[in-house]
Amino acid sequence: MIVTNIDHVPGQNIVEHFGLVSGSTIRAKHIGKDIMAGLKNLVGGELKGYTQLLQESRDQALERMIAQARQLGANAVINVRFSTSSVAQGAAELYVYGTAVKVQ
Amino acid sequence: MKYTPRQGETNFNVSPSSIWRELFVLLAGLLAILAGLYLVMGLVVDLVAERLSPEFEARLGAAVSPRFHVVGQDDSRQRCLQQLADRIQDRCVHLPYHFKVQLVEDPRINAFALPGGIIMVLTGLLDRVETENELAFILGHEMGHFANRDHLRRMGRTLVLLAVVTIVFGPDSSLNNLVTGAMGLAELGFSRQQETAADQFGLKVLKCFYGNSCGADDFFAKIPKESDPGRFGHYFSSHPENRRRISHLRSLSSSDCRPEILKPLPECIVKGK
Amino acid sequence: MTNLIIFLSLMVLGYLAGSWAERRHYRSIAQREAQWIHLPAVTLPQAGIAPGTVDHAHLVSGSAVISIDYFKRFLAGLRNLFGGTVRSYETLIDRARREAVLRMKADAVGAAAIVNVRIETSTIGGHGKRGNKSTTCLEAVAYGTALYLKDR
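Protein chains in written order, with this note's numbering: chain A, 121 to 224; chain B, 17 to 289; chain C, 294 to 445.
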């Protein structure tokens, strides 16, 4: 599965498209990490626990989007956009969407 | 590029697992965490309770007692109770407190211990008492709580747990309500041991004060089932079920309890009825 | 004890009403998605439509605000302690997004395609005080450019 965030796949022709596909996931950290992050906020710096959490969530969202595209018979998802929001406190919501296409 | 309308069958954006499974797993985890917290905090509070100074205790008691409708100092029953408590303490109880008995205008049948040597007796209880021995046992029982420092432990546990729960879940979350309720129940189960220990202390007081331990079970035989343990029960005096308690007391108290050897109530309490 | 009874009845009420509303909403979404399936919505700047054939184009959008029931909110609160995927919020977000896209399509009656679609999510309420989490609701908005073809 080819995933790009430009509106074509370089070197290939788009022959068919299937409309929007999207993947989303919402994850929370356990309270220990929350507390550690609160402490880290005092001194600044990278919140490793959060970085990792968001990265995992993004991967899962991508997987879900790709699964949906595959189900429609596509072999590429193009013009992909990510968006992040916080639905509940301490939980991150990752959303990724794009256009499912068939390229040759 | 042509458009092929196609509808996917599976919804990949929703986990396939059941929501009931989620509820079960989460609740089990929560219970495990709370049980752990309860054990650790209980140990900490027990340690602190052993070391609190009497002055600090008196201040704690003074902070709590205004919540009750105390009958004035000039009430004859109040003075009478105080005298009885003083006599018991002089002769039989050696604890670093000056016990202060306070009568609370309340129809419920209950008595409880507050930090700083305060014993609260509800008028509902006083109205049911028929002999001095019964009254002495009740006072002895509450003094037993002081001897074992139950009053501080219980208050401490409740306070600490509320604080922890509030920190973890926020001040007025629905979880907070659930946890507070669950804690009340756990507290009730735990304190049975404490009540039994206090009963034993009360029996010793009776034995020392009157030379026999009669009359201890009479009072509990009179309590109607529905009035026990009452609203305060959850926090201050969750008493074991009466039947078990009576049989336990009977097995411990003197065997030849004729009504003649029981002392009648002092005049001043009878008059106040 | 009273607190516990209120809490339990709110849980049961939340679960029953929430799952009923959710099933109903999903049925309605499935039915309307089938109805609008011939109108493509894509994130691409053009969807295989030759520039010469377009008569006019304008912005279309759709949004939906959706809230979660007591039972699922309780589950999410618990999940927050342990970490992991917040199972009970997934359907909430899924429903809000699909509803927003459907409303955007309903805004584009007669169009040949909606291009350059963007979808955004935000939470309203529940972020002020910590104890006030109970009002969490979610807004999903979808917008894009609807292309209308010339009559021939």
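Source of the hints: derived by calculation from the structure; they are not laboratory data. No residue lacks a Cβ here, since even glycine has one placed at the ideal position from N, Cα and C. Don't take every hint at face value.
[What the hints assert, rightly or not] Ranges of calculated distance between the beta carbons of each label pair, as one might list FRET restraints: (1) Q175(A) x W36(B): 24 to 34 Å; (2) E176(A) x K18(B): 29 to 39 Å; (3) R37(B) x D179(A): 19 to 29 Å; (4) V60(B) x I299(C): 48 to 58 Å; (5) L306(C) x R37(B): 39 to 49 Å; (6) E176(A) x L53(B): 20 to 30 Å; (7) V41(B) x E166(A): 50 to 60 Å; (8) R316(C) x A157(A): 36 to 46 Å.
Going down the list of hints, with the structure as the test:
For the pair Q175(A) and W36(B), the supplied restraint of 24 to 34 Å holds, since their beta-carbon distance comes to about 30 Å. With their beta carbons about 37 Å apart, E176(A) and K18(B) fall inside the hinted range of 29 to 39 Å. Our hint of 19 to 29 Å for R37(B) and D179(A) holds, since their Cβ atoms are close to 24 Å apart. For the pair V60(B) and I299(C), the beta carbons lie near 32 Å from each other, so the given range of 48 to 58 Å is not met.
Hint check: L306(C) to R37(B), Cβ distance near 22 Å, so the stated range 39 to 49 Å is violated. Our hint of 20 to 30 Å for E176(A) and L53(B) holds, since their Cβ atoms are close to 29 Å apart. Hint check: V41(B) to E166(A), Cβ distance near 31 Å, so the stated range 50 to 60 Å is violated. The hint said 36 to 46 Å for the Cβ distance between R316(C) and A157(A), and at roughly 37 Å that hint holds.
Of the numbered hints given earlier, the model fails hints 4, 5 and 7; all others are met.
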